[in-house]
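**Student:** Spelled out, the chains give:
2 protein chains.
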Amino acid sequence: MAIKVVEMVHCKKILMKRHFEGVPKLDDFELVEEELSEELKDGEFMVEGHFFSVDPYQRPYSRQLLSPGDVMLGSQVASVIKSKNGEYPVGTRLVGYWGARTHTIVDPKVKGGMIGSMAPLPDLGNLCPSYGLGAVGMPGNTAYFGFLEICQPKEGDVVVVSGAAGAVGSLVGQIAKIKGCYVIGFAGSDEKVDWLIKELGFDQAFNYKTADWDKCLSEAAPNGIDCYFDNVGGKFSTVVRNHMKDHGRISVCGAISLYNDDPAAPSQAPCAEPTFIFKQLKMEGFLVFRWMDRWMEGLSQMMKWIQEGKIKVRETVTEGFENIPKAFINMLQGGNFGKAIVKA
Amino acid sequence: MAIKVVEMVHCKKILMKRHFEGVPKLDDFELVEEELSEELKDGEFMVEGHFFSVDPYQRPYSRQLLSPGDVMLGSQVASVIKSKNGEYPVGTRLVGYWGARTHTIVDPKVKGGMIGSMAPLPDLGNLCPSYGLGAVGMPGNTAYFGFLEICQPKEGDVVVVSGAAGAVGSLVGQIAKIKGCYVIGFAGSDEKVDWLIKELGFDQAFNYKTADWDKCLSEAAPNGIDCYFDNVGGKFSTVVRNHMKDHGRISVCGAISLYNDDPAAPSQAPCAEPTFIFKQLKMEGFLVFRWMDRWMEGLSQMMKWIQEGKIKVRETVTEGFENIPKAFINMLQGGNFGKAIVKA
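One line per chain: the protein sequences are A and B, in this order.
The first sequence begins at 1 in our numbering and counts up by one.
The second sequence begins at 1 in our numbering and counts up by one.
Extracted from the complex, chain A is given alone in its bound form:
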């Protein structure tokens, strides 16, 4: 009798126990462990995650893409640690949407929409690999394409950014400065406002929790706003639109103020159509993957601006894989400066 010895890898996973209602709670998640066989089929490889991303989109997508008991969705920077696939030798670094799991067996032939999709980690030089989840990854391209392609900013334009201290907003404001715009940011604390003005070079910034939005905008943009990059939605965005110039452009990237709404009782705001007509406004929502064919163009430009010191990157790093739920909840409540990352 032959005895076959199969090595096992100890894998940790975080499940979404139930769909979130309102603000996600720690109890909505469950940490489970699994022994993963190292015996791979031909074409497969195994990855180990080093950095995990928590992002606003995970809140609405969890409802669209997950069932209770599924592994929480999300992206990670990972390395191939075992391989039966010549294209992905051990040591290859990838960014993949494998969810909140420390180890994953991947068959690159299996395609499943966003979940499971992956791309090589770009060459980040001496930058931390976690940048591949932020400024030189999906949020970087979200800022680059979502602002430049949809807002079409021109030198001298007045640009408003909401969620301005977040992973995407903090990049959009800096890209707008590079393009010669006058940049006004709204963020959720006085410390964030200081950071935007003193470190990132925003022309003006306000704490949306304490400021009179209408008054701030009247004073900061007395002649109106050309471009609005919207990360928050809701009543705040209604007020911004009322301050836009004729032919203003609005890029709708996120709606974090609305993601915790009860779907049966969504937040309401004054109807926007008259403002759209009389100011001839243009508004477009987007998902960054529409620019997949130009993906490396965006990342290369972001990388270049970072290396030239024109874009500053900040991360809020939470230590420990098991703290992904905590980091996710904290990010949804505005606890992060720049990109929220979990280091395994």
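Be aware that one or more of the hints could be misleading.
One copy or any two copies: either way a pair holds, since identical chains are not told apart in the list.
[Unchecked claim] Below, simulated DMTMM-like cross-link-like pairs (lysine to aspartate or glutamate); rule was C-alpha separation at most 25 angstroms, straight line:
(1) 235 - 262
(2) 82 - 212
(3) 279 - 149
(4) 245 - 149
(5) 326 - 315
(6) 235 - 191
(7) 111 - 246
(8) 245 - 262
(9) 310 - 203
(10) 235 - 261
The set of hints was computed from the structure by calculation and includes no laboratory data.
Could you slot chain B onto chain A? The hints should help.
**Tutor:** Okay, now just chain B, sitting in the frame of chain A:
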């Protein structure tokens, strides 16, 4: 002592006595008479109005452009009846924004924004001159440019038109059919619905006052809507947007459901940003005068389609200059089929 005999013309005018609150009332208007001297200065001419236009835009513009006691704004088809300007000899026919007055002395050198602006009446062949206020005038170009330029319809697209039996909506639906689209209209009575389907060739039409909007759209556009031409705004438009396909295009032409709102307490609807993001929708409001440089292109094409029988035009004509307020109020409440016109 020389005696100078000056002929006088008896002019009727309708004033807006006060700003409208809610639905305009007959008592908000006042008919006054004036003796207008026929003695013109060099460069001036006098026009007499034959047809007067009542349009939804007059409701919001009255608040923006008029003070209590001003002549009610609006356009008319008029003829020059006396002239000291060689470019505008007696008999010249014009479309002008001189407001609700039977006679006007015009100095074409004086420019005052929309009020007072004018253009030659296009050669309408054997069509009624009132078409210059409708299908071969501002509403015609509103339909032509506002639909084709902003919605960018392609053959086979599913198009929804609200306010579909109105001056603009009834043209948009027919243009969409010419372009090979599948056209669904919403209007305010069963008679209008019949007219849209049986006379104008809409594929489907519904009475928005009695239909279950969500159910109608699920059944009429099971794969979603490509283009929405919006004349009404408000909660209805929220429901339509929820039924759009990814990358759907929305042209916001009017918001008649909101124009009678109290500005201090505007109507509310569920916040739209999440729908814009996840469906990647594009929405643009417009004022037709942005296409002033292509004005005759639009009118010529509309004229051609009417002559070819591809576009049918219907007017709801009210007799008597003094009935302008009644026709205006009736139009705002949906009493018109097609273009609402007052014949002096």
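**Student:** Now, for every hint given, state plainly whether the structure supports it.
**Tutor:** Going through the hints against the structure:
1. 235 - 262: both (16 angstroms within a copy, 18 angstroms between copies)
2. 82 - 212: neither (56 angstroms within a copy, 57 angstroms between copies)
3. 279 - 149: This pair counts as both: shortest intra-copy Cα distance 21 angstroms, inter-copy 17 angstroms.
4. 245 - 149: both (19 angstroms within a copy, 21 angstroms between copies)
5. 326 - 315: Cα proximity of residue 326 and residue 315: one copy only (16 angstroms, versus 64 angstroms across).
6. 235 - 191: Within one copy only: 23 angstroms inside, 39 angstroms across.
7. 111 - 246: between (44 angstroms within a copy, 21 angstroms between copies)
8. 245 - 262: between (33 angstroms within a copy, 23 angstroms between copies)
9. 310 - 203: within (15 angstroms within a copy, 55 angstroms between copies)
10. 235 - 261: both (13 angstroms within a copy, 18 angstroms between copies)
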